[in-house]
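J.: Build out the structure end to end from the sequences listed, making use of the hints.
Number of protein chains: 2
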Amino acid sequence: MQLVTNSSEMQSLSLSAKKAGKTIGFVPTMGYLHEGHLSLALAAKAENDLVVVSIFVNPTQFGPGEDFQKYPRDLQRDSVMAEQAGADVLFCPSVEDMYPEGFSTYVEETRLSNHLCGLSRPTHFRGVTTVVLKLFNIVLPDVAYFGQKDAQQALIIKRMARDLNLLVRIEVLPIVRENEGLAMSSRNSYLSPEQRRQATVLHEALMEANRLVDSGERESRRIKSKMREIIASAREARVDYISFVSRDTLEDIEELRGNILIALAVFIGETRLIDNLELDLPSGRE
Amino acid sequence: MQLVTNSSEMQSLSLSAKKAGKTIGFVPTMGYLHEGHLSLALAAKAENDLVVVSIFVNPTQFGPGEDFQKYPRDLQRDSVMAEQAGADVLFCPSVEDMYPEGFSTYVEETRLSNHLCGLSRPTHFRGVTTVVLKLFNIVLPDVAYFGQKDAQQALIIKRMARDLNLLVRIEVLPIVRENEGLAMSSRNSYLSPEQRRQATVLHEALMEANRLVDSGERESRRIKSKMREIIASAREARVDYISFVSRDTLEDIEELRGNILIALAVFIGETRLIDNLELDLPSGRE
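First to last, the protein sequences are chains A and B.
According to my numbering, the first sequence is numbered sequentially starting from 1.
According to my numbering, the second sequence is numbered sequentially starting from 1.
A portion of the hints provided could be inaccurate.
Note: identical chains are not told apart, hence a pair may lie in one copy or across any two.
What the hints assert, rightly or not - List of simulated lysine-lysine pairs, BS3-like, C-alpha gap at most 30 Å: (1) 18 - 158; (2) 158 - 19; (3) 22 - 224; (4) 22 - 226; (5) 18 - 45; (6) 158 - 224; (7) 19 - 45; (8) 18 - 224; (9) 19 - 70; (10) 224 - 70.
Note that these hints are calculated values from the structure, not bench results.
T.: See the structure below:
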């Protein structure tokens with residue numbers, strides 16, 4: 001596996017690979033890799049000639065007071081894991097390389113970004129779309145892989161790819177979970193053992209929602225109230241949002257039908273965690 | 001010359017050309033071609049294997065109350081002119097193709113855009129950067145050609161290309177002028193013969209500025225006042241702005257030194273015209 005730290009060098013390497021007729025699979029990450037990331041790299045390996053994993057803790061997607069400084073970083077550990085998962089190139093640019101003096105161009109998705117996490121983190125998705133477009137232009141992937149844990153991010157990236165006529169195909173792979181159901185996340189490393197036990201309430205609340213829907217419940221209000229009860233059972237939990245939205249628009253829905261997303265963000269102590277569940281329900285009324 | 005009206009078809013055509021090792025020169029226009037556009041196409045022809053000229057009157061770069069509806073359009077005349085200038089492909093997408101239902105992703109340059117025309121036309125450059133990035137992703141040019149008449153646009157596109165790691169090289173070619181000095185523009189077609197005579201004051205004011213600088217004048221205030229006098233001599237002229245700015249930042253400067261841009265926008269009747277002059281002056285103080 002090759003380590004590349006410079007964006008021009010990465011772009012040249014990708015151009016050469018493409019001229020040689022190779023396909024490139026790309027897994028953009030902020031590092032501190034876990035099995036969720038590895039599942040993306042393995043899929044990239046299975047489907048492409050060259051696999052590029054990037055590690056870049058992107059300052060523009062953190063708001064003031066968020067955890068940019070303390071976000072976990074461990075390049076040595078990440079290198080070993082990325083190589084084992086089949087990465088051919090590990091791309092780790094510096095902040096100065098990605099955002100040179102006088103940087104002033106941003107990509108902004110203006111509809112899907114105004115819901116869910118966009119409400120609590122108003123500049124977050126602008127940072128995400130900007131850095132992802134830059135990374136696409138540097139790495140030149142045929143396919144890029146994202147995790148379903150960040151469901152809103154995945155929908156926004158797909159929208160950007162369509163709107164800006166990008167040549168890359170976006171693949172979204174299922175959430176990978178710990179045995180107890182907690183969705184894998186680099187931010188889980190912030191949790192104490194006790195908090196980690198409490199953090200399983202996110203998944204439990206979603207499972208309860210699933211059961212209620214299976215049993216015929218279609219009123220989001222009633223399901224939400226049950227989910228809040230479950231989350232309230234964890235002493236350090238504080239709900240940021242629990243939302244039932246259309247998967248096309250991310251707008252709130254009252255009565256469940258069609259393609260919906262149940263998404264939630266919950267603080268466990270100081271740590272903000274997200275999780276979600278997609279449901280395909282009959283779209284018509286009887 | 002091939003006419004392409006669909007963005008997927010254009011992208012496939014460009015991909016095939018690139019796979020065959022051809023270089024692509026691209027001239028994005030809003031049509032109603034004039035010799036300024038043709039000088040760009042001729043340069044593209046001289047430097048590339050394949051020349052693509054696009055014609056797209058881009059709604060997102062027009063503000064409310066601006067001339068989107070009445071902007072001059074004449075595809076037949078443009079086809080003949082583009083072919084004569086060496087275009088191999090004329091790409092004329094529809095608004096529905098470029099901005100499909102639910103379109104919500106924009107590219108925004110946030111510094112250079114806040115000066116000069118950006119003040120009178122607050123959403124203009126967001127429309128420009130968005131459509132130009134889309135066109136680049138569809139046409140996949142090695143080199144794209146822009147006219148110096150839109151000096152601010154050229155600087156913003158260059159900034160975007162750097163900031164977003166685009167592979168395209170941006171070439172900016174000199175203003176082409178009518179015999180009497182009026183900068184060529186599709187919007188000149190709005191002018192009556194009498195207004196066209198009056199419109200030469202833009203160039204005359206710039207020439208006077210040049211003479212004053214040559215004679216040692218370095219106070220923008222004094223030059224500006226002379227330029228206003230010249231423009232006021234045209235009965236239907238109304239100044240939108242006359243600005244002396246740094247070419248790096250587009251910020252106003254008082255004392256002229258270094259790389260500067262003298263830019264102006266003037267209404268002649270209802271028609272808003274722009275023109276500019278670049279100067280390279282010694283940067284130090286004595």
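J.: All hints are to be evaluated individually against the structure, with a verdict given for each.
T.: Status of each hint after checking the structure:
For a Cα distance limit of 30 Å, the shortest separation of residue 18 from residue 158 qualifies both inside one copy, at 23 Å, and across copies, at 25 Å. Both within a single protomer and between protomers do residue 158 and residue 19 lie at most 30 Å apart by alpha-carbon distance, with minima of 26 Å and 26 Å respectively. Within a single copy, residue 22 and residue 224 get their C-alpha atoms no closer than 48 Å, and across copies no closer than 58 Å, so neither meets the 30 Å cut-off. Taking the closest pair of Cα atoms, residue 22 and residue 226 never come within 30 Å of each other, the shortest separation being 51 Å inside a single copy and 62 Å across copies.
In this homomeric assembly, residue 18 and residue 45 come within 30 Å of each other (Cα to Cα) both inside a single copy, at 16 Å, and across copies, at 26 Å. Proximity of residue 158 to residue 224 under the C-alpha cut-off of 30 Å is restricted to the intra-copy arrangement: shortest distance 28 Å within a copy versus 49 Å between copies. When the C-alpha separation of residue 19 and residue 45 is checked against a cutoff of 30 Å, the pair qualifies both within a copy, at 19 Å, and between copies, at 24 Å. Taking identical chains as interchangeable, the C-alpha atoms of residue 18 and residue 224 are never at most 30 Å apart, the minima being 49 Å within one chain and 53 Å between chains.
Taking CA atoms no more than 30 Å apart as the test, residue 19 paired with residue 70 passes in neither setting, with 40 Å inside one copy and 45 Å between copies. Taking CA atoms no more than 30 Å apart as the test, residue 224 paired with residue 70 passes in neither setting, with 32 Å inside one copy and 52 Å between copies.
The structure fails hints 3, 4, 8, 9 and 10 (numbered hints given earlier, in ascending order).
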